[in-house]
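Trainee: Read top to bottom, the protein sequences are chains R and Z.
For the first sequence, position 145 (counting from the first letter as 1) is numbered 145 according to the numbering used here, and the numbering increases by one without interruption.
Counting the second sequence from 1 gives a position; the numbering used here is that position plus 215.
Errors might be hidden in some of the hints.
[Stated by the list, open to error] Here chain Z is said to cover these stretches of chain R; the calculated rule only asks that three of the stretch's residues, wherever they fall, bring their Cβ under 8 Å from a Cβ of chain Z: (1) 21-35; (2) 157-166; (3) 176-187; (4) 196-205.
[To be verified] Partial pick of chain R residues on the chain Z-facing surface, computed with a CB cut under 8 Å: (5) Val4; (6) Gly60; (7) Ile61; (8) Phe125.
[Unchecked claim] Pairwise CB distance ranges (calculated): (9) Z:Val220 x R:Leu50: 36 to 44 Å; (10) R:Trp45 x Z:Arg267: 22 to 30 Å; (11) R:Leu35 x Z:Leu260: 39 to 47 Å; (12) Z:Glu277 x R:Thr85: 27 to 35 Å; (13) Z:Phe401 x R:Gly126: 30 to 38 Å; (14) Z:Ile421 x R:Leu46: 28 to 36 Å; (15) R:Trp45 x Z:Trp226: 36 to 44 Å; (16) R:Leu50 x Z:Gln349: 26 to 34 Å; (17) R:Thr12 x Z:Arg266: 18 to 26 Å; (18) R:Pro44 x Z:Gln349: 55 to 63 Å; (19) Z:Val434 x R:Leu50: 29 to 37 Å; (20) R:Tyr54 x Z:Glu429: 20 to 28 Å; (21) Z:Leu268 x R:Leu46: 37 to 45 Å.
What the hints contain is simulated information worked out from the structure, not anything from laboratory work.
No residue lacks a Cβ here, since even glycine has one placed at the ideal position from N, Cα and C.
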Amino acid sequence: MDLVIQSLPFVTKGLAITLQVSALVVLLSLLAGVLLGVALTYGPWLVRLLVRAYSDIIRGIPVLILIFAVYYGLPALKVNLSNLTAAVAALTMFTTAQVIETTRGAIQSIHHGQMEAGKAIGLGFGQRMLYVIFPQAVRRFLPPWINSVTDAVKGSALVSLVGVVDLMLAIQQVIGRVYEPMPLYLLGAAIYFSINYSLSSLSRRLEQRFAYVRE
Amino acid sequence: MTYHVNFNFIWKYFDKLSWGLVLSLELAVACIALGILIGLAGALLYVDGPRRLRPLVTAYVEFIRNVPLLLLVYLVFYGVPSVGGFKYGPTESFIITLSVYAGAYLIEVFRSGLDAVPRGLIDAGKAIGLTPFQRLLYIRLPTMFRIVLPSLSNTFVSLFKDTSVASVIAVPELTYGAQWINFSTFRFVEVYAVVTPMYLVTGYTILFLLRRLEHRYGVGR
Numbered sequence: 001m002d003l004v005i006q007s008l009p010f011v012t013k014g015l016a017i018t019l020q021v022s023a024l025v026v027l028l029s030l031l032a033g034v035l036l037g038v039a040l041t042y043g044p045w046l047v048r049l050l051v052r053a054y055s056d057i058i059r060g061i062p063v064l065i066l067i068f069a070v071y072y073g074l075p076a077l078k079v080n081l082s083n084l085t086a087a088v089a090a091l092t093m094f095t096t097a098q099v100i101e102t103t104r105g106a107i108q109s110i111h112h113g114q115m116e117a118g119k120a121i122g123l124g125f126g127q128r129m130l131y132v133i134f135p136q137a138v139r140r141f142l143p144p145w146i147n148s149v150t151d152a153v154k155g156s157a158l159v160s161l162v163g164v165v166d167l168m169l170a171i172q173q174v175i176g177r178v179y180e181p182m183p184l185y186l187l188g189a190a191i192y193f194s195i196n197y198s199l200s201s202l203s204r205r206l207e208q209r210f211a212y213v214r215e
Numbered sequence: 216m217t218y219h220v221n222f223n224f225i226w227k228y229f230d231k232l233s234w235g236l237v238l239s240l241e242l243a244v245a246c247i248a249l250g251i252l253i254g255l256a257g258a259l260l261y262v263d264g265p266r267r268l269r270p271l272v273t274a275y276v277e278f279i280r281n282v283p284l285l286l287l288v289y290l291v292f293y294g295v296p297s298v299g300g301f302k303y304g305p306t307e308s309f310i311i312t313l314s315v316y317a318g319a320y321l322i323e324v325f326r327s328g329l330d331a332v333p334r335g336l337i338d339a340g341k342a343i344g345l346t347p348f349q350r351l352l353y354i355r356l357p358t359m360f361r362i363v364l365p366s367l368s369n370t371f372v373s374l375f376k377d378t379s380v381a382s383v384i385a386v387p388e389l390t391y392g393a394q395w396i397n398f399s400t401f402r403f404v405e406v407y408a409v410v411t412p413m414y415l416v417t418g419y420t421i422l423f424l425l426r427r428l429e430h431r432y433g434v435g436r
């Protein structure tokens, strides 16, 4: 127990990095994913093909390979990224692919009559999206999206493998010094659990909040 | 300084990758099999078992689903033996971890599958005098498996991708093979140019085959 308390300041630093990485990944992938998701649903066929290919390829390879490929592979092509940037870029690429699919699913769940009604009253494409489709699609978007957010937090543990001192690596380093693996791994598990569990409880509350019929 | 692409080293050490891929597949098969057992036990305990045990199943599922796989892998490989006073190899340890991980996801899958078995079928079983156990064996389980087949395929493919995490405890699967060639030859670009398609092609081939199986045995939409 003493050990856990002693290691806390160090672990907290790692936790800050984990939260930072997760927040960056979630924000960037939300922007890119919603944009590409709309492109996948309404874009011209070439754009649709490209986005579909991107999404299917990225979702088909392990995140770990993606992180290694970006971190170790890109420098040979003269793109030098720091380990933090490379890790965030790789995780963002992965989460973006998930957000694309969530967005497409959410948009397609809205009856096309809504889109036609928007056209009929003379709204432009942007207006139809903003005032007609998105407000209705949000409730279909949120639950799977929060799932992706918890996936991103969990996936962020993989950045430790390219040397970013996040929560996972901080714990590994403490263990390397004190040779007491179990209490520290359990501490790490407890921290990850409380972050993700609160996110998924939030998701359940949001689902109720956005449901048509409130119980 | 320019980078000259040279695939010779990759072909020279290709057995690391091909055997790695085989091991990745074997790990995925072993873990889905064990995961299905855990999942079935957990789901049945939740649905048919005493109500007091439900929180136990929920706790297991929620714990596993909210903790990174990487941490679980470390915890089982380094943490558990340090308190338990026994040792196992990285491969055994990883199979245990990934099975327990898959089990948590499959409990959810099977639970919703059992819920989706039409009431009428079970009542029909009662009507012709089947015991609860017979109803489970001949009606609920077969129907449930047909219903959850798509989720099972998805779980299997994502387990196959998750086996890449085994490389961190030196299980010689595909990602480990890739990293081994990387650090012996420094041919990073070529290695990933070969390994990425290997994951992609294998993953999608499995998915394609499983989709055909679903078409044959699954519940039609």
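Trainee: Honestly, do proline 44 of chain R and glutamine 349 of chain Z meet the 55 to 63 Å range at C-beta?
Mentor: holds, 58 Å
Trainee: For the hint on phenylalanine 125 of chain R, does the least C-beta distance to chain Z fall short of 8 Å?
Mentor: With Cβ-Cβ at 32 Å, over 8 Å, it is violated.
Trainee: So does glutamate 277 of chain Z sit 27 to 35 Å from threonine 85 of chain R, Cβ to Cβ?
Mentor: holds, 33 Å
Trainee: Take the stretch 196-205 of chain R, compare each residue's beta carbon with every beta carbon of chain Z, and decide whether three or more fall closer than 8 Å.
Mentor: Since 3 is at least three, the answer is holds.
Trainee: Within the stretch 176-187 of chain R, is the number of residues with a Cβ closer than 8 Å to a Cβ of chain Z three or more?
Mentor: With 5 residues closer than 8 Å to chain Z, the stretch 176-187 of chain R meets the three-residue bar; holds.
Trainee: Return holds or violated for the Cβ distance of valine 220 of chain Z and leucine 50 of chain R against the range 36 to 44 Å.
Mentor: Cβ of valine 220 of chain Z to Cβ of leucine 50 of chain R: about 25 Å, so the range 36 to 44 Å is violated.
Trainee: Should the interface hint for glycine 60 of chain R be scored as holding, given a Cβ-Cβ cut-off of 8 Å against chain Z?
Mentor: holds, 5 Å
Trainee: CB of leucine 35 of chain R to CB of leucine 260 of chain Z, is that within 39 to 47 Å?
Mentor: For leucine 260 of chain Z against leucine 35 of chain R, whose Cβ atoms are near 45 Å apart, the range 39 to 47 Å holds.
Trainee: State, for the Cβ atoms of tryptophan 45 of chain R and tryptophan 226 of chain Z, whether the hinted interval 36 to 44 Å holds or is violated.
Mentor: holds, 38 Å
Trainee: Starting from the range 30 to 38 Å, see whether the pair phenylalanine 401 of chain Z and glycine 126 of chain R falls in it by beta-carbon distance.
Mentor: violated, 49 Å
Trainee: Taking 28 to 36 Å as the stated bounds, is the beta-carbon spacing between isoleucine 421 of chain Z and leucine 46 of chain R within them?
Mentor: Since the Cβ atoms of isoleucine 421 of chain Z and leucine 46 of chain R sit about 29 Å apart, the hinted range of 28 to 36 Å holds.
Trainee: Could you tell me whether the CB distance from valine 434 of chain Z to leucine 50 of chain R stays inside 29 to 37 Å?
Mentor: This hint holds: roughly 34 Å between Cβ atoms.
In this structure, the earlier hints numbered 1, 5, 8, 9, 10, 13, 16, 17 and 21 are contradicted, and the remaining ones agree with it.
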